[in-house]
Amino acid sequence: MLLQRIFTTDFFFSILRITAPILFATLGAVIGEKAGISNIGLEGIMMISALFGSLTAYWTGSWAAGVLLALIVGVIVSLLMGFFSFNLKTDIILTGVAVNMIGSGGTLFLVKVITQVTEGTALASTTSLITKSVQVPSVNIPLLKEIPILGDILSGHSVLTYLAFLLVYLTWVMLYKTPLGLNIRSVGENPNAAASVGVSVLRVKYIAIGLSGAMAGLGGAYMSMYYAMGWSQDMVAGRGFIALAAQAMGAGEPLGSMLAALVFGLAQALGIKVSSLGADSNLVSPIPYLVTILGLVVFALVGAAAPGSGTPPPRFRPPR
Amino acid sequence: MNKKQSLLFSLVRGTAAILIALLVTTLLIFICADAPDGASLGAAISAKLTQTGGALHQLLIGPAFRSNGSISAKNLSDILAAMIPTIFTGLATCVMFSANQFNLGAEGGIMLGAFVGALGAIYLRLPAGILPVVCVLIAAAAVGAMMLIPAVLKAKLGVSEMVNSLMLNYVVMYFIKYLLNTHLADKSKGQVQSYPFQADAAIPQLVDNGSKLSWGFIVALVFVVLTALFMYRTRWGYAIRMIGINQDFAMYSGMKVGGIVILSQVLGGVLAGMGGGIEMLGRYTAFSWSALPGYGWTGITVAILAGNNPAFVPFAAFFMAYLDKGCNLMSTYSGIPAQLIDIIQALIFLFFAAEQFLSRYRQKLVVRNTQAELKSKAAQTEGSVK
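If you read the protein sequences in the order shown, they are chains E and W. Sequential numbering of the first sequence, starting at 101, is according to this note's numbering. Sequential numbering of the second sequence, starting at 1404, is according to this note's numbering.
Because the hints were derived from the structure by calculation, they are not lab data. We put the beta carbon where it would ideally sit given N, CA and C, even for glycine. There is no bait here: all hints are sound.
Covered stretches of chain E, as calculated for chain W (at least 3 residues, CB under 8 Å): (1) 179 to 190; (2) 340 to 351; (3) 383 to 392.
Pulled out of the complex, with its shape left as it was, chain W reads as follows:
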């Protein structure tokens, strides 16, 4: 298959995966729509259909357009703001998965990053311009250090980084909850939260409409570029991708596999931690997370949608944020629970990651291509004979 066809195939495949997911979604919405009591079957079905249509409209069109058809700037900036943490977890997952390291610690990583960033914002005494930068950097360093645990254990002892990182997520969560409940709690508040951040620590907003779209968004995009350059233009990035493709080959060609295994996971941790710090300082004025935020899992979906290529991460993150916003609007206006997003996400995820999904179509493309090539070759030889 040539490049154009390969691209076409990926497009068709992606669209098909999304369509299947939306079809199932429609079916689910239809099932949960209420029919008026005592209505005849026909009336009930038509009532359900109208409701389904309304809900779908909210889900798919709602995030971008107002009911009068004009573009909703507020909703769009909400979506862009929601992309900030998932871009970072998506990048983190891309780096780790590229090296074949199945580290699922971005979830705990972003929570620890947010917490460490918050601590800096409360207790560090630094000049205004420097404070948020330092907070984000220590957040990144802390999570990078946390990832050393599964990384070193994997590289030196062959312990599954997957199980370890999953366990670490829980340890991190309880550790933070403990500190938040005891030593760091602001007892003057009704709910469990830390003392408020210093005003200087806040990351400035890009637009001031309450969407919390901060400069963190620009930083996230910069890191998309940096990560993409790192992965495809440096020898470290090459080494990471190489051990992901064939670890034995990389080892026999002289690469230090252990070091790269550690590097990839620590880098993933740094990215996740940075995302946590930026999300915390850009959106909140005190730390009050009492559970894992779920950004790590969305990050995995983002990485899968992006095919582990950092350059595609913002698009995948936009797509997921758009759907999430749509689900929230839908639950507000039509009473369909917003957790529908998890089912949609899982379905898209499954079909995207399925290597054999639509493989027959791919086969057809290859065959057609080869036949065309053979024909043109035959025509050429015929021409040269004549």
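Looking at chain E on its own, in the form it has when it is part of the complex:
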């Protein structure tokens, strides 16, 4: 049976493994968008964080230090984006494009400089630097792992995978149960009204974009220190962009966006599985991107069919 060969416990395990980095970035997109910031630089931030995370893990010999630095780098880059966008009034989307440029070419420059790989030798990467000892460890959850099928699917993931799903809840709490969340939402909905009741719009925006960058930083760490062993060129491969789509499909809410991210994870896991069964990988690889387009269309159609229940279309303000 083909279906039995596809839908194994390994398969469901891999969905969670594949979803986690998209989920980190999606939460970054959710927090940003709640504050009215379209952070399309998530892709670039993930690349930069992935690089510095893996290098730090190699130098210090500690995965935790790598993850922490990836997070810090994510925050720094996003705050710089904030400076250009909020203070110098560069359009936030263009700021994101610039960060993505640095993420794709600038990181390769840095790798070549740092690892002293010269032009002409095979593609520069840090794949030789990350070994089992500095990989983000997997944990078996005591009681859960004993349960027959669920245990195989849910237990044995990396610390960061559990963190990603935990952060969905924490993000929801932050957005809806804390004063900070209230400020972020009010700044996103109506900055003038927020300012009129004494909220420092600039400060709240900086906090929101910083948190958004922190999430992308964790996603980057996940990519280079668990999903793959080390950094390589273009390794994030559009996950930061898919996250924007997941945010839009999830109507900007943490839980809904997580479900959308899981759909993309499922699509990609299915693609990998099908290509391992002999299908052409070039036919299978575009599936998540196609699902993204279809998902956005379906979401828009459903939103249009049920006026009032749907949310307004995503707020992507193009530059003037």
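Given chain E's structure and the hints, the job is docking chain W onto it.
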């Protein structure tokens, strides 16, 4: 501010943006220059400084002049040839951004255009003079049709054209890789590539020195003029710019916003596709791209530098091609990785697009201007009183 001052301000601002980017570049080069082992601090710094100077010389002067000071014709024609695809993606981005359509599909568009053009060059049987023209036209039409996807979805359903166009880039790339690996592969070659183009399909070269500076360059310049005329002298161009400035106003004044949204993106696609076809037939003899070429992103930088005005696109494209050539020379002669160009590009880009960058200086200009005006008015009234 009067027109002259406004121009002066843009000049000062642009120069400042480029200078800041170059300053950071110098710093980066200085950091990556090697110092001899065991040298004292002073010696190490001076060794690094010499290297930085050499690298900067390659980056800034190298593309135009030979080491003996004469102008390097080969390098210059290389630069002009490299401008061909980025002029087209720059124009495409100008048109789409002018309408406030943040479509980032020029990247996938130029790859699809190149691929479709290549298919025509391999399989179409047409007379010599007509073949390349038809190839470029079908390339343009194919990408125009591709852009209908994000355009119609945006106009009818309000789906973000940005996310859709980004996703389409990946879909296009994998689709082309699939076809190239299976049905269209020339199995007799060691690397993955298509069958060779028919000799008639090649776009003739302007100069025959290996720079691949083809007649496509002239076509690109013609399209600069055509696009500029279209944007500033036709009602369609006016409508595109109008919905970019104020979509609500355009809608309430009776413009069909949906149609213009679609028009701008399809036009962008046509331009990008044409650039892809011309680049492929002017430079290569078989299709072998296995990844997105990056011209779309450079096109965005070009459009930003040109302030979304098609007339300035060739200058911006020249500037980026010059820097790119400089980075390549630098990496050959001094071992600084050529990807430095991406960091320079991002920095220039950020400062150019920053509305508030040097706003104090602008303010000063306005104040000075107003004071001068007031003074002359006061002098006039005084004169008339007397």
